[in-house]
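Protein chains: 2
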Amino acid sequence: MAKDKKLVKNITSRDEDFAQWYTDVVREAQLCDYSSVKGCLNYLPNGFAIWELIKADLDRRFKETGVENVYLPCLIPEALLEKEADHIEGFAPEVAWVTHGGMERLQERFCVRPTSETLFCDLWARTVQSYRDLPKVWNQWCSVLRWEKTTRPFLRSREFLWQEGHTIHATYEEAEQRTIQMWQIYKDFYKETMAVPFVAGRKAEHEKFAGAQDTYTVEALMHDGKALQSATSHFFGSGFPEAFGIQYIDKDNQLKNVYETSWGLSTRSIGALIMVHGDDDGLVIPPHLAPVECRVIPIAQHKEGVLEKANELLDELKKAGYRVKIDDSEKSPGWKFSEQEILGIPTRIEIGPKDIENNQVVVVRRDTREKIVVSLDEITTKLREILETIQQDMYNKAEEFLKAHIDTAVTMDEMKEKFAANRGFVKACWCGDPVCEGEVKYETGGAATRCLIEDEPMISDKCIYCGKPAKHMAYWGKSY
Amino acid sequence: MAKDKKLVKNITSRDEDFAQWYTDVVREAQLCDYSSVKGCLNYLPNGFAIWELIKADLDRRFKETGVENVYLPCLIPEALLEKEADHIEGFAPEVAWVTHGGMERLQERFCVRPTSETLFCDLWARTVQSYRDLPKVWNQWCSVLRWEKTTRPFLRSREFLWQEGHTIHATYEEAEQRTIQMWQIYKDFYKETMAVPFVAGRKAEHEKFAGAQDTYTVEALMHDGKALQSATSHFFGSGFPEAFGIQYIDKDNQLKNVYETSWGLSTRSIGALIMVHGDDDGLVIPPHLAPVECRVIPIAQHKEGVLEKANELLDELKKAGYRVKIDDSEKSPGWKFSEQEILGIPTRIEIGPKDIENNQVVVVRRDTREKIVVSLDEITTKLREILETIQQDMYNKAEEFLKAHIDTAVTMDEMKEKFAANRGFVKACWCGDPVCEGEVKYETGGAATRCLIEDEPMISDKCIYCGKPAKHMAYWGKSY
Ligand SMILES: [Zn+2]
Ligand SMILES: [Zn+2]
Chain C
1 MAKDKKLVKN
11 ITSRDEDFAQ
21 WYTDVVREAQ
31 LCDYSSVKGC
41 LNYLPNGFAI
51 WELIKADLDR
61 RFKETGVENV
71 YLPCLIPEAL
81 LEKEADHIEG
91 FAPEVAWVTH
101 GGMERLQERF
111 CVRPTSETLF
121 CDLWARTVQS
131 YRDLPKVWNQ
141 WCSVLRWEKT
151 TRPFLRSREF
161 LWQEGHTIHA
171 TYEEAEQRTI
181 QMWQIYKDFY
191 KETMAVPFVA
201 GRKAEHEKFA
211 GAQDTYTVEA
221 LMHDGKALQS
231 ATSHFFGSGF
241 PEAFGIQYID
251 KDNQLKNVYE
261 TSWGLSTRSI
271 GALIMVHGDD
281 DGLVIPPHLA
291 PVECRVIPIA
301 QHKEGVLEKA
311 NELLDELKKA
321 GYRVKIDDSE
331 KSPGWKFSEQ
341 EILGIPTRIE
351 IGPKDIENNQ
361 VVVVRRDTRE
371 KIVVSLDEIT
381 TKLREILETI
391 QQDMYNKAEE
401 FLKAHIDTAV
411 TMDEMKEKFA
421 ANRGFVKACW
431 CGDPVCEGEV
441 KYETGGAATR
451 CLIEDEPMIS
461 DKCIYCGKPA
471 KHMAYWGKSY
Chain L
1 MAKDKKLVKN
11 ITSRDEDFAQ
21 WYTDVVREAQ
31 LCDYSSVKGC
41 LNYLPNGFAI
51 WELIKADLDR
61 RFKETGVENV
71 YLPCLIPEAL
81 LEKEADHIEG
91 FAPEVAWVTH
101 GGMERLQERF
111 CVRPTSETLF
121 CDLWARTVQS
131 YRDLPKVWNQ
141 WCSVLRWEKT
151 TRPFLRSREF
161 LWQEGHTIHA
171 TYEEAEQRTI
181 QMWQIYKDFY
191 KETMAVPFVA
201 GRKAEHEKFA
211 GAQDTYTVEA
221 LMHDGKALQS
231 ATSHFFGSGF
241 PEAFGIQYID
251 KDNQLKNVYE
261 TSWGLSTRSI
271 GALIMVHGDD
281 DGLVIPPHLA
291 PVECRVIPIA
301 QHKEGVLEKA
311 NELLDELKKA
321 GYRVKIDDSE
331 KSPGWKFSEQ
341 EILGIPTRIE
351 IGPKDIENNQ
361 VVVVRRDTRE
371 KIVVSLDEIT
381 TKLREILETI
391 QQDMYNKAEE
401 FLKAHIDTAV
411 TMDEMKEKFA
421 ANRGFVKACW
431 CGDPVCEGEV
441 KYETGGAATR
451 CLIEDEPMIS
461 DKCIYCGKPA
471 KHMAYWGKSY
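Same order as they appear, the protein sequences are chains C and L. Here our numbering is used: the first residue of the first sequence is 1, the next is one more, and so on. Here our numbering is used: the first residue of the second sequence is 1, the next is one more, and so on.
Mixed in with the good hints there might be a few duds.
Treat identical chains as interchangeable: a pair holds within one or across any two.
To be verified - In silico DMTMM-like links for lysine to aspartate or glutamate, alpha-carbon gap of 25 Å or less:
#1 K55 to E68
#2 K63 to D327
#3 K354 to E173
#4 K325 to D280
#5 K63 to D328
#6 K319 to D57
#7 K149 to D133
#8 K331 to E68
#9 K309 to E64
#10 K325 to D133
#11 K149 to E414
Treat the hints as calculated values from the structure; they're not laboratory data.
Just chain C, same shape as in the assembly (with noise of 0.2 Å):
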């Protein structure tokens, strides 16, 4: 039978128009739709079960070090939010603000959180005082708004859904390791369960989090080169909680200062999945986050006993414990097989009278389009494997991508000549002066530094821009 190509028309190509080809994919796979909240969306069920599957892994991946989740309020006190200088000035033009309650002007305006960390440290401030009650290892997971101008599905939008971790700590050292252990936690799960390969450093000094001494970020590679920061863990220091008046009794009876960490991901690694992995026909999901890993297709489902072994099947592998649909509608084969790769579940079985009389299915696979023959009587177990190899082929080629995505350049030439290029990042030295970030970013259209690289001897001992004596070497991108 011929492929039906009617649903496949509506979506771009990905080398034509890569934010068209974007914007189609997340409204032919129904993933996420815009509200009548301007810059709000609306997450629709494909798109939200792919968060749930996120949210448990993530969550289980928190809570085997310890972390205890917890719910703090929506609205945030205006002066609370001013008691820590850098964080008022870096969040104020994008809040949003309550100012009246049912019919009542309000005397104290509040605003909708775009992060918590004046909530979970006034909260502390109040509840901790002795070595007894360190450390809190906190996270909630919750909406936060902030009124962008600009929103893309995913990547920007007014409101968004993420997890916020907080924690105080006794010793500066314990806080630290904390921050790490977070991010190592992140890059563990990209890896892992995005199949999403990464570079990830610190951020540059005027690229931290407001108010944070310290910023590592996990930087992903997006199909048309631009970096997206995909998580974030930030270590404060002592600077916020004493803000905050959070401080302690410890064991030789001295009151001391508190140590903050907090760490986030979002919504937006949504979109790092659709960018990093999707393709002309559609979305591509990791099995690991696909909330239908395989939709079987009946062939000739009209002819006598086929739905019948088709449905057979799918209460085998629903009890084997995939998450698994079937597919027997009165659409053509050819439509069918359209939208299942649209909506990028990772396999099909194709199950038809042939098949079903060989004792046998087809696998075909979403990533590679392989049709693998697979006997019933193994199809529990061998499915599994297949699944999985997609998992690590996925991520495997998308490293692939990456490592051929990574440049380095001494001087300004080479740097616009590889940025002209789409070449993904590139290393080179800095001077440290955000002016000479500035200068790179404006002659190459956009590149910043995303991280800086302090695990490899530099390239070069001087700045890209200026030439003076070089103080850090960073990956450069342009970002999303």
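Use these hints to put chain L with the ligands onto chain C, whose structure you have.
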């Protein structure tokens, strides 16, 4: 070793002052506390972990019936909230308004969602066209904001956590059936998971949700004889969706109306759990919702081999799938017992040198204080049996209490007498006039209809207040 009473002293006796007992238990078990945002709670790890188990259990039940999870914005444009007259009338007095975004005054104000019928209907009005798009059976887990004047932990707060399910259907019958199906899920959940019995039925006309045609409720009875509305399922008919212009083209090519339902359960359920099961020593959590099912407490832990054996046992229980922790701190066993009781952990295992010698442990039930000697060889299976027995016994005990607190009345004198003695629910007949209900409420010090009783013969043909012909029999009760 004598039991150290220090911890328990902080809890007022339940029969002395129930309201104070409640506040004490919430504080001492560290479930939640008030935040700097007046009327908003901080859900602390112990309280939020119960909510996570409630979510997991209920979400599984929902998904088994085809419910899909989504997430819609936390803000609602004023014009949208106003589209359905009854709805805006019901909610206008208690919503919080966002009037500024960033540095600018907004052209249209938004309220922080008090409930999301309007957003779901707005989305469906734009996206539902054909019978193929129906039904939609969606749910979201989120927080909502209602600008309440008085607040109490879990029972009434400005912000609370809940799930809100919203569905639309092609026919009246299908929607009505879904309303009742979700009501049944709540009833199953309260019985099987919360171990909380209830009365249930339709709400009287003027007690229905703003805009609903029918509201089905689950009403649990607290230890002080007051009812708590514990979950509701609403049938909207086609009025609400019509106000939003949701119509579809049916198979016969005719444009038709859709029929809507919504249903919700909130963190109030934690209030029910506390007030049904708690006792003078603190919280008592039903095992199915206990973040920690068992706490292992070593006795004479300084003696050789005790801590080692206790930790072995801990690992063994973890491996067998129990949610289990150990208290190997330096506190006295008496203090540890007391803390485990305050926290409501369903069982503790005491393990000391004598026990180890005899290859046994002592399991102590939180609900009855019964001590059960169990061989170490059998503990991984016996503990599950004990937990299941506790779960069942807690339900039975609460059900006995409920049954003992349901009375009947045919005269106002009977009615007043029964509510003077805090008798829980009273069955009485009623003409249906809210004025009569108001008078009863006044004369009884607060008892109103909790739900109608439609499956039993009426005990009188006259309204208990005015003596006119009775239309309904109802459960009456004072309530939270
Ligand atoms: Zn420079
Ligand atoms: Zn009457």
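For each hint, the structure was consulted:
1. K55 to E68: Classified as both: same-chain Cα gap 14 Å, cross-chain 16 Å, threshold 25 Å.
2. K63 to D327: For K63 and D327, only the inter-copy Cα distance (19 Å) is at most 25 Å; the intra-copy one is 37 Å.
3. K354 to E173: neither (65 Å within a copy, 42 Å between copies)
4. K325 to D280: For K325 and D280, the Cα distance is within 25 Å only inside one copy (24 Å; across copies 51 Å).
5. K63 to D328: between (40 Å within a copy, 20 Å between copies)
6. K319 to D57: both (22 Å within a copy, 20 Å between copies)
7. K149 to D133: Neither. Shortest intra-copy (42 Å) and inter-copy (33 Å) distances fail the 25 Å Cα cut-off.
8. K331 to E68: Between copies only: 23 Å across, 47 Å inside.
9. K309 to E64: between (42 Å within a copy, 23 Å between copies)
10. K325 to D133: Cα proximity of K325 and D133: across copies only (18 Å, versus 48 Å in one copy).
11. K149 to E414: neither (34 Å within a copy, 65 Å between copies)
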